[in-house]
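Student: Whenever a hint applies, use it, and build me the whole structure from the sequences.
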Amino acid sequence: MHKPPIIDVQSIDKFFYTPERLQALNRVSCTVAHGEVVVIIGPSGSGKSTFLRCLNRLEYADSGHIIIDGVDILDPKCDINAIRAEVGMVFQSFNLFPHKTVLDNLTMAQMTVRGRSKKEAEAKGMALLEKVGIAEKFAAKPDQLSGGQQQRVAIARSLAMDPKIMLFDEPTSALDPEMVGEVLDVMKNLAREGMTMVVVTHEMGFAREVADRVLFMDKGEILEQGAPEHFFTAPTLERTKEFLGQIL
Amino acid sequence: MATYTGLDRPKSKLYYQFWGIAFVLGLCGAMALLYYSTKTVEYTWRWNRVPQYFIYDEKVNIRAELEGTITSIKETGTDVLVTVQGDDGEESHTLPKVSLLLSQGDYVYPGDNIGFYSQTKPGILVEGVLLTLEVSALAIVFGILLGLFTGLARISDNPALRWGAITYIELIRGSPLLVQIFLWYFVVGTVINSMLAQHGLGQISPLWFGVMALAIFTGAYTAEIVRAGIQSVHRGQMEAARSLGLTYPQAMRKVILPQAFRRILPPLAGQFISLVKDSSLLGVISIRELTKASREVVSSSLQPFEIWIVCAILYLILTFTLSMFVQYLERKAI
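Residue numbers (my numbering), protein chains in the order written: chain A, 69 to 316; chain B, 71 to 404.
Note that these hints are calculated values from the structure, not bench results. This structure is a prediction, so every number in the text was calculated from the model and none was measured. Some hints could be false.
Some chain A residues judged to face chain B by a derived CB distance under 8 Å, without partners named [said to hold, decoys possible]:
1. Q78
2. L120
3. L126
4. Y128
5. S131
6. C146
7. N149
8. A150
9. R152
10. H167
11. M176
12. T180
13. M229
14. G249
Each residue gets a CB set at the ideal place from its N, CA and C atoms; glycine is no exception.
Tutor: Spelled out as structure tokens, the structure:
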């Protein structure tokens, strides 16, 4: 039996008023299947981050439908907090909670949202810290960690909620070059384990190696998409060629 | 000496010593000037009269309650037990031996003084300090609660809450505290107490109207401090918390407010120090806090210089303690 896509975006628009009207997303449609890894690339201001943030309603799309795991999150009656618990998000600037220790960063939402006991949440948190390779730092405060370590904690924090989908918003853009690898390794492992991932990134190597599909966005539209081997070697549009020429 | 961190060339050791001495000399000079000027107006300093307003011995007379004869005086250490035998009963009193005025066989009538004992009592200034503390502490607690709620309402999406908060803040900040105290006591107080009296209920004391006036005044300023603190926490913190599935109140309580609280501690301390000092206005509605107590002492002792200096120092002790406490909290929070 063919499973319905876990993410089904149907023709969404998003406007910003800054104060002049700016169309950030223009009739964007796209689907993501279970276990698929989709990488979104594009020049800055192309709307790729906005698109990603619409997927867990950090930005409210102005029209269209976004069906996440069968629920339309643009329906005002939907329980957005329940959806967000299923959709992990990793930010460019980590956004760890600086007043909590690393382990408390991982357990807080588990206990508050999932209603797990402290013991259960800490066991889960320690297992995930082990997985991302910084279990020894569980008692440290986030500002005592390097950027790469912080981002790995942030990934673990999202994973602690047992999400069905992980969204990554330029997870390596704020990192020193030598720390990019350790974060990408964690993400690659996650992809191999079958996590559904939508990743906005400038890491073309990661896109080539891990992505099932690459989307190219420009001026609020998805211009071209395809498997990475096709996308990087033989893009069809002139705009895509130009962009790839600039960054590769 | 701390390592020099300025942008100019490092100063020599002599530089610090010279200006250190200059500071001490300046301080001594100012005090000498004050002393000299009081001499020229022929003010007589009587610091020895000040302690009685902190602590004093009250003489309590012991009087006979019966008419009869003192039948026995038994010594027990420094005290004596005096027994009076009357026609219809017997009574006994214990009192210090030195204060005994009568002897065995004396005939007493009810109300006759047998002796006295002394009782150590806190003076009027101590009572004033305690009342100032009480009023300030109550107003700080209510002020924090009110300020927190109003600060959150101020940034709420709900227009009723937001406009309500803005109206409250602007109204309170727009009029003098003294006027607000009068309004609370003479307008609100009169209305409430008259209504209570009509229903045969007890009256609310001026203290509570004073506390309300102070709390509501402080709440308005605290609300703006709280709002600024919340808005100073990076947007990403709220986004991260919400993206994990936390509701807005959960994210506020667990992520935003703990971080905001650390940042607003210094301005909050300033606000509460102001509140302690502003409580001196409550004397106008007959709350005998420190300032009113001092005024009463001045009018009876005729020693204004000493009393007002002592009054200022007592306020300084209160505010300095509060400031130290907040600094301790700040260090602990980091």
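Student: Confirm or reject each hint.
Tutor: Hints and how they fare:
1. Q78: Interface hint status for A/Q78: violated (22 Å vs cutoff 8 Å).
2. L120: violated, 11 Å
3. L126: Result: holds, 6 Å to nearest chain B Cβ.
4. Y128: violated, 12 Å
5. S131: At 21 Å from the nearest chain B Cβ, A/S131 fails the 8 Å test, so the hint is violated.
6. C146: violated, 13 Å
7. N149: holds, 5 Å
8. A150: holds, 7 Å
9. R152: holds, 4 Å
10. H167: Since the shortest Cβ distance to chain B is 5 Å, the answer is holds.
11. M176: Cβ of A/M176 sits 6 Å from chain B, so the hint holds.
12. T180: holds, 6 Å
13. M229: holds, 6 Å
14. G249: violated, 24 Å
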